[in-house]
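Peer 1: Sequential numbering from 6 applies to the sequence shown in this note's numbering.
Bear in mind the hints are in silico, worked out from the structure with no lab data behind them. Some hints here could point you the wrong way.
[As the list claims (entries may be wrong)] Straight-line Cα separation of at most 20 Å, EDC-like style, residue types lysine to aspartate or glutamate; simulated pairs:
1. K73 / E44
2. K140 / E87
3. K136 / D107
4. K85 / D96
5. K140 / D48
6. K136 / D89
7. K85 / D21
8. K73 / D48
9. K73 / E10
10. K11 / D107
11. K114 / D21
[Claimed, not checked] What follows is a list of derived Cβ distance ranges for each label pair:
12. G69 / E14: 53 to 59 Å
13. T100 / R76: 16 to 22 Å
14. A137 / R32: 25 to 31 Å
15. N8 / T142: 35 to 41 Å
16. F133 / N61: 15 to 21 Å
17. G143 / Q86: 37 to 43 Å
18. I115 / S18: 37 to 43 Å
19. A90 / P116: 24 to 30 Å
20. S18 / N70: 34 to 40 Å
21. R76 / K26: 16 to 22 Å
We put the beta carbon where it would ideally sit given N, CA and C, even for glycine.
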Amino acid sequence: PGNAEKMGEYIGSSLDRLAEKHPRLCREVRRKGLMLGLEYTHDIMGPLMSFYLAGNGVFAIFSGNNHKVMRLMPPLVINKQEADALIAAVDRSMTSAQRAADIVKFAAKIPLVKQAIGVDEMQIAIIFVAKALRKLTGRS
Numbered sequence: 006p007g008n009a010e011k012m013g014e015y016i017g018s019s020l021d022r023l024a025e026k027h028p029r030l031c032r033e034v035r036r037k038g039l040m041l042g043l044e045y046t047h048d049i050m051g052p053l054m055s056f057y058l059a060g061n062g063v064f065a066i067f068s069g070n071n072h073k074v075m076r077l078m079p080p081l082v083i084n085k086q087e088a089d090a091l092i093a094a095v096d097r098s099m100t101s102a103q104r105a106a107d108i109v110k111f112a113a114k115i116p117l118v119k120q121a122i123g124v125d126e127m128q129i130a131i132i133f134v135a136k137a138l139r140k141l142t143g144r145s
């Protein structure tokens, strides 16, 4: 229990700083020990962050009933080095997700696009945009 409390506080406060760094992306950090949650500013961000986090070696899922919320549940035995790697991956993912989200949010404002596709289709579209951005920037 001691490590979970200590590392939960460390990771949670680091995520708080990332939320301040990325205010257009992250609305709130939730935490209880090592059960961590990020609430994003838009429905498309949960799936998009899942995609980018996976590319950065982190498995995280968005909530099934609220695509704006993502759960992070590191193991109880996580150490500081692993926590730092997690935090760095979240930061890189947030930076990448923000670029892709800006493009998709812009496209969603176009009336024809907005009428033609729903939220589920938009989530699929953002993954394609994210993959295209990776190819354009030379990142795999």
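Peer 1: Are there hints from earlier that the structure breaks, and if so, what are their numbers?
Peer 2: 2, 5, 6, 9, 10, 11, 12, 17, 19, 20
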